[in-house]
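Colleague: Let the sequences and hints guide you as you build the complete structure.
4 protein chains.
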Amino acid sequence: MEKVSFYSLVKNFKAVFIDSYGVLKNHEGLIDGVQDSIDYIRSQNIPFRVLTNDASRSQEQQIQVFKNLGLKGLREEEIITSGMLARQFLELKITSGKVAYLGTENSAEYILQSGLEHVPISDVDLNSMKDIDDISAFLFLDDEGFDWNLHINKTVNFLRRKNLPVIVANSDKYYPVSKSDVAIAIGGISRLVEYIVDQKFIRFGKPDSQMFMYAFDELNKTGTFAKEDILMVGDTLSTDILGGNKFGLKTLLVLSGNTRSDTVDLKINSSGIIPDYIADSILS
Amino acid sequence: MEKVSFYSLVKNFKAVFIDSYGVLKNHEGLIDGVQDSIDYIRSQNIPFRVLTNDASRSQEQQIQVFKNLGLKGLREEEIITSGMLARQFLELKITSGKVAYLGTENSAEYILQSGLEHVPISDVDLNSMKDIDDISAFLFLDDEGFDWNLHINKTVNFLRRKNLPVIVANSDKYYPVSKSDVAIAIGGISRLVEYIVDQKFIRFGKPDSQMFMYAFDELNKTGTFAKEDILMVGDTLSTDILGGNKFGLKTLLVLSGNTRSDTVDLKINSSGIIPDYIADSILS
Amino acid sequence: MEKVSFYSLVKNFKAVFIDSYGVLKNHEGLIDGVQDSIDYIRSQNIPFRVLTNDASRSQEQQIQVFKNLGLKGLREEEIITSGMLARQFLELKITSGKVAYLGTENSAEYILQSGLEHVPISDVDLNSMKDIDDISAFLFLDDEGFDWNLHINKTVNFLRRKNLPVIVANSDKYYPVSKSDVAIAIGGISRLVEYIVDQKFIRFGKPDSQMFMYAFDELNKTGTFAKEDILMVGDTLSTDILGGNKFGLKTLLVLSGNTRSDTVDLKINSSGIIPDYIADSILS
Amino acid sequence: MEKVSFYSLVKNFKAVFIDSYGVLKNHEGLIDGVQDSIDYIRSQNIPFRVLTNDASRSQEQQIQVFKNLGLKGLREEEIITSGMLARQFLELKITSGKVAYLGTENSAEYILQSGLEHVPISDVDLNSMKDIDDISAFLFLDDEGFDWNLHINKTVNFLRRKNLPVIVANSDKYYPVSKSDVAIAIGGISRLVEYIVDQKFIRFGKPDSQMFMYAFDELNKTGTFAKEDILMVGDTLSTDILGGNKFGLKTLLVLSGNTRSDTVDLKINSSGIIPDYIADSILS
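Chains as they are written, first to last, in numbering that gives the first Met the number 0: chain A, 0 to 283; chain B, 0 to 283; chain C, 0 to 283; chain D, 0 to 283.
Rather than coming from a laboratory, the hints here were simulated on the basis of the structure. Model, not experiment: these values are computed from the prediction. One or more of the hints may lead you astray.
Selected chain C positions facing chain B (in silico; Cβ < 7 angstroms) [stated by the list, open to error]:
#, residue
1, Asn148
2, Gly187
3, Tyr194
As a list, the in silico DMTMM-like pairs of lysine to aspartate or glutamate whose alpha-carbon atoms are at most 20 angstroms apart [stated by the list, open to error]:
#, chain 1, residue 1, chain 2, residue 2
4, B, Lys153, C, Glu1
5, B, Lys97, B, Asp122
6, C, Lys153, B, Asp122
Label-pair restraints from in silico Cβ distances [stated by the list, open to error]:
#, chain 1, residue 1, chain 2, residue 2, range
7, B, Asp31, C, Asp132, 31 to 41 angstroms
8, C, Leu125, B, Lys161, 38 to 48 angstroms
9, C, Asp130, B, Thr221, 47 to 57 angstroms
Just so you know, even glycine gets a beta-carbon here, dropped at the ideal spot from N, CA and C.
Modeller: Here it is in structure tokens:
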């Protein structure tokens, strides 16, 4: 497939959805030149949303992280996280009780925002009927903030005791922590627990359509946008491109992250996930 | 869980989504009394949509089938099929070329409606470069209309030759054909092909959110409905209830189809899929 | 990995296990020069066994096929098929009743040899309690000899009616039928049925250890051979090499079949299945 | 299925294979009366082997544990652990280099016995080419002896750097730690790592045939036993009974562990794994 220029391509669309990791930033920080790209999109009056499978931080905290990395001018409504879908689920489906979770205090912000009480699994007494009774949902939020051995096992035993809605707020298997290394994400941990307790949890985040639908609905509160008006930009075939394609958006694969120039053809062929366009990055 | 009356429950909602098989009809035909239930909903001015994982017939043909079974007054816009999502995908993502498919001529109606040419896999010459080049998408539509041995194998070899979008228009594994017997659905056949060619296809239909989203969007063209205003009614935990829950709807499991009174508790416990309400049927 | 010469390597072993398809023959027939290789092994007094995931023909019929292809001098005891493991299972575990099957009359030879009666699923009357009661095991034997639509569905409904041992006599997903084309094998079909009825069947054939154990035991009836004395030769990483490695044999991957010279390194790296040696073929 | 008496049944066999947990012991310790059962088998001159999916302790240490629980007279050769299969693999396939592992120092005994050097993953420097080069196999041994977060992630990154044989010495998902609670076993942890690095590891332990074959071969060093001479006794359908059936042994399911009297029929029906006999326990 011939490579295109992001700057030329984007002008044909009325809005853009952009993946965060591998497009805007990488393990070293902000990708050089990304501020220019964002400024360019704004100058063309093309609204955008950053779609990220991240439930470890609230929208506000995400903005702060981008600011610290050097990206200026992002607004809260321009960030869509998979944690927001988990929050919406709680708001719509859980009317009372507490929500137990695996994650940091920071990530529990999404529970707080839903108006429900949150309790880390570490604070639940599995031998107290009252403690068990009080909890009405369980949330996988972040891979940090708990002792893996102690509290993953405790989660397993909690879920063996009580049948309740279990939500995974980030479906990613792992995330990069350096040029060569990764860390298992809460989505990966939740797969282990699913396998042990033999149940299927509710997962939010790309490639699931609900993430795109949420961003689409949010965008349409600010104007009128059809699916064909929107370009989805991402670096990962199995999340950004698969999800974008299925939702009916035109998709652009960039080679500044997970997918490398020398193996892109092989990966497209073996996966059967085909982007509409390919570009080196969003930098030109 | 205590059982509720559908008639009492539905009055608390502004709209209803209803599964077809196991709620409105079963292997013997229309469930006795369903006409009264539909009339009751209408008398309460509660709009409804029938959501069915069926791509073997168009909306219009579905209406005709219900009419033949004895259910009167259904309107075309009240039927949402997973085939319509496949059609939408073709409209949004496939701009040229032909669409090859497994299914009946009837089911190919969805391709026709998208404005694209359709060709059954039986008519494709795998040794003709032109034939292969001309095809820009593949669609699994129905389990009938082809020779399983000959044309499932031909599909495998076609997909080994060409990398293109593959869409499954009905994700069900099987469907009932009598009190005790089932038949493998096109969703099941597509799993076999996925397994053989080692790729992931794009699947439409419950429990996937996109089906609910489509019905939700269609409904909102006729008024203003929030997710909390809608009740999803179905007989199957893994499709109707799981999908309804995830989308954020209140869910009612009825025991007139796949899920039986004597095993419902066991099934809920072992699956972890919990409906908000349970009723014997929609008949009272 | 450096390539070795099969002729030089084999001299270091007291016995050889050889895969059939991709090593001795391919879609065009016998691989040119294979007669010399077999003669060479014999001249070195190295006994061998041909291990094949094939339950469509008995040992005797397999010999005949090789003879027809032009390979002379193979003896019955030199052929080990996965069908023989199915036969052994029947002999050891099924003491009475009939065995129903999917496959050709030819493949049913394995049931006949076990001393049990065989009945094709096409001849079973699902509405006859007697017919159902009479059957004490079900066997997946061959992808031919039945109507896929009719009899795969009939198998599903039979297995929904009766809980009994189900055996898959060939675990391969597919087999090559020409340079570019494959056909779904009975192992693939059995996966579809497993998926529909949600059970795990008993599977025989490489890479499962039991196939290697059977060949090992047969070989040791003719002398004394330790695992370290035996070289396993095959063209497929996921069956021949994985199974040979796990059983504790030294393994030689040949590039005359499924695995090609230009992608062998990639395949080894992505699968994590590592042969001890690599050679172009067994021809030199 | 009618229940039988173990004492009456066992007299029809020349040897017995016995699962450990759920048959001989449970979370409270030795099951009351088991000493009598063992004494009874011995008095009938029926040799037995205890088959356990446990790689956390050597044969010798296992004997000591049974002694501490109060079971007297077990001999080292009467214990077969899945760790012994991992050791055999190392002996046959790994000729040089060190073996890295996840587990306790105790469990590494199996590596020591193979004559190879062992190194816990915690001591490997991922940035040292020499460290990486020195390691020729990786072993999952025990769920204890390491920091889950730190060292499971380190294992993932090690396996991303180096392609080498990976062995799981205990394929169990979890093990009971009290009447109601379980702990994730190293077999479960290895599944998480497999899922993250997208490779298939080599797994030892029931239900895999190789475990039964090993016990069978060991037994046959002391006499002549055919498969039909041996009874497999276990409390778990998916390991003891499935594995015993497939290997061709007669199988006895006991209800003193994982499988309970009130759900045994349901479990047999839904799994399709059918024991030849059922008994309450081995106590009478």
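Colleague: Does Tyr194/C pass the interface hint, meaning its C-beta sits closer than 7 angstroms to a C-beta of chain B?
Modeller: holds (6 angstroms)
Colleague: Quick one, are Lys97/B and Asp122/B close enough, alpha carbons at most 20 angstroms?
Modeller: holds (12 angstroms)
Colleague: For the hint on Asn148/C, just tell me whether its beta-carbon gets within less than 7 angstroms of chain B.
Modeller: holds (4 angstroms)
Colleague: Is the interface hint satisfied for Gly187/C? The criterion is a beta-carbon contact with chain B at less than 7 angstroms.
Modeller: holds (6 angstroms)
Colleague: Given the hint that Lys153/C pairs with Asp122/B, does the C-alpha gap stay at or below 20 angstroms?
Modeller: violated (28 angstroms)
Colleague: Quick check on a hinted range of 47 to 57 angstroms for Asp130/C and Thr221/B, using CB atoms only.
Modeller: holds (54 angstroms)
Colleague: Taking 31 to 41 angstroms as the stated bounds, is the beta-carbon spacing between Asp31/B and Asp132/C within them?
Modeller: holds (35 angstroms)
Colleague: Please work out if Lys153/B and Glu1/C have their alpha carbons no farther apart than 20 angstroms.
Modeller: Distance ~38 angstroms between Lys153/B and Glu1/C Cα, so the pair is violated.
Colleague: Indicate whether the distance between the beta carbons of Leu125/C and Lys161/B respects the range 38 to 48 angstroms.
Modeller: holds (40 angstroms)
Hint compliance for this structure: hints 4 and 6 are broken, all remaining hints hold.
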